[in-house]
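*Asks:* Each chain, letter by letter, is given below.
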Amino acid sequence: MLTLDAAILDAIVAHARRDHPDEACGIVAGPVGTDTPARHIPMDNAERSSTFYRFDSMEQLRVWREMDDRDEEPVVIYHSHTATEAHPSRTDVSLASEPAAHYLLVSTRDPEVTEVRSYRIVDGAVTEEPVRLVNAPVDPHAVQHYLFGQNPTTVDYECRAAS
Amino acid sequence: MAIEVRIPTILRSYTGGQKAVEGAGDTVAELLADLDAKFPGLRARLITADGGLHRFVNVYVNDEDVRFLGSLDAKLNDGDSVTILPAVAGGAFAFAAAAALRS
Chain G
18 MLTLDAAILD AIVAHARRDH PDEACGIVAG PVGTDTPARH IPMDNAERSS
68 TFYRFDSMEQ LRVWREMDDR DEEPVVIYHS HTATEAHPSR TDVSLASEPA
118 AHYLLVSTRD PEVTEVRSYR IVDGAVTEEP VRLVNAPVDP HAVQHYLFGQ
168 NPTTVDYECR AAS
Chain S
1138 MAIEVRIPTI LRSYTGGQKA VEGAGDTVAE LLADLDAKFP GLRARLITAD
1188 GGLHRFVNVY VNDEDVRFLG SLDAKLNDGD SVTILPAVAG GAFAFAAAAA
1238 LRS
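From first to last, the protein sequence lines are chains G and S. For the first sequence, the residue numbers in this note's numbering are 18 to 180. For the second sequence, the residue numbers in this note's numbering are 1138 to 1240.
What the hints contain is simulated information worked out from the structure, not anything from laboratory work. Errors might be hidden in some of the hints.
[Claimed, not checked] A few chain S residues that face chain G, going by a derived Cβ cut-off under 8 Å, partial list only: (1) Thr1146; (2) Ile1147; (3) Ser1150; (4) Tyr1151; (5) Phe1193; (6) Thr1220; (7) Leu1222; (8) Pro1223; (9) Ala1224; (10) Val1225; (11) Gly1227; (12) Gly1228.
[Stated by the list, open to error] Quick list of the computed label-pair ranges, beta carbon to beta carbon: (13) Ala1139(S) <-> Arg149(G): 44 to 50 Å; (14) Pro48(G) <-> Asp1187(S): 39 to 45 Å; (15) Asp88(G) <-> Lys1175(S): 26 to 32 Å.
Just so you know, these numbers come straight off a predicted model, no measurement behind them. Every residue, glycine too, gets a C-beta built ideally from N, C-alpha and C.
Using the sequences and the hints, build the whole thing.
*Replies:* Listed below in structure tokens is the structure:
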């Protein structure tokens, strides 16, 4: 399971939308061994392509050295697909070089809806995993859409749900 | 002559888990041969069957990508630091298809 701060996911999606139709790419670094993504680092796609991405080699050196200095590792490696589903391609799988990372795929093929899915890629095997968002902001106006104490899936006759 | 070589996570199985090892060589090619003698199999992950540097491996001498220094012929001096990083790359389509699209 990937546990990710909602603000970081928003930043990743914004990056993917900004670079669309080119593929966007980047990482989220976190302290070694904690599996906690903490620091979002959008990277340049040196390929500038709508079907490939590649980290610029000098930028990658700088960022990897910086992570080393800070005792961090790449917890999430993300990139976007701009016309296909948010699933690793054969190329993605064959080039996955960080077995401990969560590979996050973002699809910007639909202008309204962004697909976000996460995978582990270890020794050529792809396993999808759930994404758990933390610190998702609560919309204070949300209950205006529903009758007091009710929502589309449950009806609370005693109106215990907080408004 | 001692050259510090930083090894990426994915290749540490060849170096017994070490993230930095020492090697020797006047060029990157010699250094990799030296490392392969100490850590068998390592060189095959970095060099293709035609003898060139693997397209998706980045090798740096101090702060420069060896692709700008002559690739495997890049010169090394005592005290240099070499870093190996697998390229982070991928994309929606297979490279063969995309290479065809580009040409």
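*Asks:* Quick check: which numbered hints come out false for this structure?
*Replies:* 3 and 4
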